Amino acid sequence: MTAAHPVPAGNGPALSIVVPVYNVGPWLAECLDSMVNQSFGGFEIIVVNDGSTDSSADIARSYAASDARVKVFDFENGGLGRARNRGLELCSGTYVLFADSDDRVPAGALQAMMDSLTLSGSDFVTGKAIDFYTDPDKFSEYWTTVSAAFSRSRRGITLAGHPELIHDHTVWNKAYSLEFLRKNAITFSEDTLCEDVFFCAKAYTLAGTIDIVSDYVYEHRRRRGAISNSLTTLKPMADWITETGKVLALLREQPAGVRDAYVARILRVEAFDRARWVDAATPADVKISLAGLVTELLDLGSPEAVNAVPARQLAALKALQLEVICAARPRGKAPRLSVVVPTLNVERWIDDCLLGIRRQDFDDLEILVVDDGSEDRSIDAIAEHVAQDPRIHFLRSYGAGGGTARNVGTEQARGVYLAFADGDDMVPQGAYSRFVAQLDASGSDMAVGDYIQLSTNGVWHPHWKNRRFASLRERITIDAFPELLLNRCCWDKMFRRTFWDRINNFFPDARRANDIGPMVRAYVGAAALDVVPGHSYVYRRRPGSSSMTAKATRPESLQDYLDQERICAELVLRRRSQALEDNYFAPMLDKDLWVHLRTFLSIGAVKHDTATRLVFDAAATLLRLVPAGGLDFLEPRKQLVYHLILAGTTQPLTKLRSQALTVENGGIGRLFPWREALLVSGDENIPLDLRRQAYSRGVLNRLIHEWAQLPAGQQRAARGRLIRFAGANVGHMARLNRSRTDILRFALIAAGHSPSIAVAQRFSGKGHPKARMRQLVKQQPVPVQRAARAGYQALRRLAKAVTP
Amino acid sequence: MSTTQTHARKIIVFPYWADNAFIDIMYMASASRGMGVVKSYFLEDLHQKVVNAAAGDVVHVHWTTRVCQEASDELDAASRLARFQDTLHTAKDGGLKIIWTVHNAMAHESRFEDVETELYRFLADIADTIHIMNPQTAEFVRPTFEIPEGKVVCLPHPSYRGWYDANLGRPAARSALRLPQNAKAVLFFGNIKPYKGVLDLIAAVQCLQEIDPSVHLLLAGRVSDDDRSALDAALSTGVRHIKELGYISAEDTPRWFKAADLMVVPYRRSLNSGSLQLAASFDLPCLVPNQAELQAVYGGEPWVDYYDGGGAPRELAFRMAAALAEAPRRRRSAYEFSRRYPPFEMSNDFADLVAQL
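Going line by line, the protein sequences match chains H and G. The opening position of the first sequence corresponds to residue 67 in this note's numbering, with each subsequent residue numbered one higher. The opening position of the second sequence corresponds to residue -1 in this note's numbering, with each subsequent residue numbered one higher.
One or more hints might be untrue.
Calculated lysine to any residue pairs in the SDA-like style (CA-CA distance at most 25 Å, straight line) [claimed, not checked]: (1) G:K95 to H:G600; (2) G:K241 to H:G600; (3) G:K37 to G:A80.
Source of the hints: derived by calculation from the structure; they are not laboratory data. Computed from a predicted model, the values in this text were never measured in an experiment.
Generate the whole structure from the sequences, applying the supplied hints.
Structure below.
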């Protein structure tokens, strides 16, 4: 190092550069070099050694030894803010610049800034900055200096004229008039990680005029362990809240444009970035402080500025605010009934839901709204209801899922009775008073009601529920009314809280069907339950639900459903009740499980990948719980699909023809392309009858229809296959639903007589009675008649009990 | 112990319009409380439904077009009125209650005005409760008939918030209609009839397009064969428009409202404009004629702008230009308005009304 520029004569240098140093050995030399080699030489460098324990002090002293402009002062460690303040006290220049000891000052930067200040006499000058990284080719513009204000150099401007400058919160890209700082007592906050936030804001708000140098005047190093990289842990969060709060107090006297510029950005970025890290484990005092800051920001900004913040960000901030408000609000006497209402993006429906509950003729209740991370205007609406009705309490489950949301609400519920309602549904008048009156009278553990469904097509009342809920039933068990097992929604019921706790009931965080397990647990665990006539719920089939159905077909969603269904099956089996098992397994297999699997398999894009195999594994686990013979009542199509899953022969399932899968009472024949049908029919784990049907319909039909197009070699192989099958199954033709026409066709093909095969083709699709068949055969040429007889005899003679 | 349900009160709805959101909203709370909703589509089946009803049931009369307006001539209209009167007298004699919801001051395209007036006076007299949605209905209908004050219950028109799918975003809605993303879109939605001022709107939009070519007219709704030629003639003048003429299903309704920047409701006469409620449910500002009826309901609402009807197309064009410029700032107030009286709240209020009969 050489002393490039002597200290100028006079009272003091034009510029003091304060460089706080703490254990920056690897980077300090580069920093000091960038300064001592500047074209502008009229400066002093005040190195404030803040108690370094590495070689930093030695490095600094070596510069001081060779350049009189560098002065080193040693202190006990006191933090960056204190170090800068100490440096400020030691300055003797007209202007002061603060540089961090791991950064760099680009060539010409000091000259540019000093030239501007000399001409303008402004209180300070600011300039553009870049971030640089370990990779020497990587750099990026520092975000605070990319606004329009920095697009060209300016002198003598004001904050009011360029409100966006309020975001220019770093001290190191500026040179300040020392007199300006001292006159206005502008110093750094100490014992904080955000020591320059308030300093910069105060300087901007008090400055008479400001200059901008539209060139890079500072290079900020991005490295691990730097203070700027850890903004969401508790100490930085608390410091940021405190310092930002001080800035807000300053801004109250500023023009609206400045306030709005600050509020809009902070809400959209910094406050939101911190708010979205808040969860159940965040200490209450941090939530309170952050919420308080959010309240100040919302108060300070104009409605236009606040409403311009994207809905997602605003929702997170307002949710935090509302959570803190409700946590502080006294909850009053414990009510008789707690209603838990989980919400997630229900802005369009939450008013219908909450108003309906609030106007219930039973008013001794509390409503626990648990938001799971809404990103729309749900929170705004909920906040209004909270303000209007002291019975409403707001909680958050922080995106943990609908199950956790219900559990969070349940934990906070204080009522004797517990009910659930979804934020997009409605509760009919009288529902709760009926339930409470009934449970008070009977002492039962739970009550089950009826519901109606609402959609854009109007109201629908499931007829089967009509029969089920037409009469009051009191103090029964599920064994007396096993059909109730099909009614597994949580929202048309009311539970005694002691009962809920006794059975340790809870909602899992499944993407689908997260209430079927808890409801079956309740049914089998209830010592007594009531069935209450009358509608207790209005379930809203949401418009645009096709998009939700599409989500439901995702493998992970289906797997969740299957896991929950398995839990239900295990609960039922533990009860050891034949009636329960009959009323559970049959409809579950025939309807619930089938609908889920069918929807998944019929979307046409199912790949046999890991995710799909996990679905099949989960389905197999469930199916293994089915009692022996439990699949036998099902139509062959369903049986075959379930058996394939049980056998692990799942690859063909990804090739299912969706139309064959979805048609009502569809058979096996068209389910698979013939190659897959062949695979299926060869799997000995599948019941033989199903395999025969798969082969018969899926393979043989194909052969028969396409016989003429088959090459000779394939015809020979197919004929052999056909003979063996027909021979092995000639006695089963009726059970396989093969018509006499089919048998004749088999026979003709088995005879290998070409003209006969053409005749067989003509008979395709026609199911003729026996007499008619004989007539048709007799109408054929004699060779065909002989072939038919010979073929049939061949089938019988060559019958082998082999697999197809 | 088991008990069976006692007779559940039934509401005979006349006329029942399928796929009518207002009707579905009105009765959903009543249905949830166990009341039966009996659908009567035509005058011819109303009498039978009344005869089959029990004391305490309700006949709820809505739009009156099915009574006289479908008559072939005045004599037929009078005959139909007589049958209707007989039916309602039968209802009264049978212990049924009668509610009449006043949707219009007079049927929009009233034929047989004398018979229609007699119908209105009859309903006002025989109804046990007269449901109005515009608080100043009694004044507006006074030239035709008097509403006894003691019978009046005012339940405002509900919003449609949450009824339709609002998942569709604006870009997707515009793509579906092949509307340029940067266009300014003015929407007319609903039955296209002469009294609704559509022709004036078309002329005004064409005027506006001379100044601002980015303006597009969106036209969606039914038009009768009789009115079609006039509409086609108006549209053939070169006005840039996107239309769908016919019934717009609940699934397709959102794309029109999501794509639009402003809805214009140029009705010449309107007592209760459900169209504005529909627009507000999609946060869509509106421009409407400066009529007392609309001011009574929407006066002072920032999202509703007014123009003086009956003026030249150029005047409406200027008002549209101003409203389009302000539209983005007014969406929030439309949203807040639509939250004030959501569907289930109105439905519950109506169910309370029925329960108290």
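Against the structure, the hints come out as follows:
Restraint check for K95 of chain G and G600 of chain H: satisfied, since their Cα atoms lie roughly 23 Å apart, inside the 25 Å limit. The hinted pair formed by K241 of chain G and G600 of chain H fails the criterion: a straight-line CA distance of about 46 Å is larger than 25 Å. With a C-alpha separation of about 21 Å, the suggested pair K37 of chain G and A80 of chain G falls inside the 25 Å cut-off, and the hint holds.
Consistency with the previously given hints fails for number 2 only.
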